Amino acid sequence: MTPQILTDSCPRLHDMLNESIISLWISSTASVAAICDKFLVHVETFRSISAYVEINVAGFRKIIKQFHKQLPQYVFTHLQKLAFSSASDSRFQPKYTDLALELLRTQNRIESLRKNLDIISQALSATMAPLPIAELGTETITALLYQTDTQKEQYPRHTTDLIKDSMIFFPQIHP
Amino acid sequence: MRFGKKLALMIDQDLRHGREVRPYISHKKLKQILSDMVRFQKDVGNTSADNSVFSEFGSHLNCDFEQIKGYLSLELHSLNNAVEDTITESKDLGISDKRSLESLVAVYKQVRYFDQFVI
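So the protein lines, in turn, are chains A and B. Residue numbering for the first sequence follows the numbering used here, beginning at 1 and increasing consecutively. Residue numbering for the second sequence follows the numbering used here, beginning at 1001 and increasing consecutively.
Hints were generated in silico from the structure; no laboratory data involved. Mixed in with the good hints there might be a few duds.
Stated by the list, open to error - Footprint (simulated), chain A over chain B, 3 or more residues, beta carbon under 8 angstroms:
{"hint": "1", "stretch": "1017–1029"}
{"hint": "2", "stretch": "1068–1075"}
To be verified - Computed list of lysine-lysine pairs in DSS-like fashion (alpha-carbon distance at most 30 angstroms, straight line):
{"hint": "3", "chain 1": "A", "residue 1": "Lys62", "chain 2": "B", "residue 2": "Lys1028"}
{"hint": "4", "chain 1": "B", "residue 1": "Lys1005", "chain 2": "A", "residue 2": "Lys65"}
{"hint": "5", "chain 1": "B", "residue 1": "Lys1031", "chain 2": "A", "residue 2": "Lys62"}
{"hint": "6", "chain 1": "B", "residue 1": "Lys1005", "chain 2": "B", "residue 2": "Lys1031"}
{"hint": "7", "chain 1": "A", "residue 1": "Lys62", "chain 2": "B", "residue 2": "Lys1069"}
{"hint": "8", "chain 1": "B", "residue 1": "Lys1031", "chain 2": "A", "residue 2": "Lys65"}
{"hint": "9", "chain 1": "B", "residue 1": "Lys1091", "chain 2": "B", "residue 2": "Lys1006"}
{"hint": "10", "chain 1": "B", "residue 1": "Lys1031", "chain 2": "B", "residue 2": "Lys1042"}
{"hint": "11", "chain 1": "B", "residue 1": "Lys1006", "chain 2": "A", "residue 2": "Lys69"}
{"hint": "12", "chain 1": "B", "residue 1": "Lys1069", "chain 2": "B", "residue 2": "Lys1031"}
{"hint": "13", "chain 1": "A", "residue 1": "Lys65", "chain 2": "B", "residue 2": "Lys1042"}
Quick caveat, the model's predicted, so the values are computed rather than measured. Ideal Cβ positions, reconstructed from N, Cα and C, are used throughout, including at glycine.
Start from the sequences and build out the full structure, keeping to the hints where you can.
Structural data, given as structure tokens:
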């Protein structure tokens, strides 16, 4: 390729490449933004489920506390045997563990989705996006992803705490 | 915030979101059963552990658990499916768009490299 050919072809080539990059950038950013919207809905649903579990664990704790206060002659395992046919009943043990583990699994999946979106958004930033698009694109997405980190404080409580709480249903923990 | 107020707020939120009220530990009802149990204990003067006296409390608590568990299982199942779908979507997007962008940018950089030789 001679300098003359380059001089002639470059402006057109620049334009074409710029147009392609801009158009791909816009569509990529729009797709990531659409997935981010879905992600936000999932996070909200997860928060609502976590809060629901938390209030029920609190309700259970409260009624058991009341039970012990009013009928101190009864021990917790005795109550468990009443609530369930037997503390060693195979139905008893998985009652809350499977739900607690399922909750943790869901949180992990949401975190993995957040990481995926984070990687894509970083990749988009790294491709020298034209400035106006960069402004409307990845910065907003990155900030949004950071805000919705499921490990952050805005959660009612961490899932691990909820799991610990749900352990009150186990006879082994409260013999 | 007090437990009762928190619960009332949550039920209110359920209604405002237009969904049916979710099952909760029926604290009020259980408290009522508990009071009846205490009254019964005092009336008969019995302080020993008698299973039959507490069966109503136990079965009510168990019924609450089952309802909560059923509801949660459905909710978590549906959320997991939705998250899984979005993960697949994000993976597909990540592979196709990232590669196309990278190759375009590579060409763009090459052109920019040749620019310096143009007089």
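The hints, checked one at a time:
no.	hint	in the structure
1	1017–1029	holds (count 4)
2	1068–1075	holds (count 5)
3	Lys62/A - Lys1028/B	11 angstroms, holds
4	Lys1005/B - Lys65/A	18 angstroms, holds
5	Lys1031/B - Lys62/A	10 angstroms, holds
6	Lys1005/B - Lys1031/B	17 angstroms, holds
7	Lys62/A - Lys1069/B	19 angstroms, holds
8	Lys1031/B - Lys65/A	11 angstroms, holds
9	Lys1091/B - Lys1006/B	39 angstroms, violated
10	Lys1031/B - Lys1042/B	17 angstroms, holds
11	Lys1006/B - Lys69/A	23 angstroms, holds
12	Lys1069/B - Lys1031/B	21 angstroms, holds
13	Lys65/A - Lys1042/B	20 angstroms, holds
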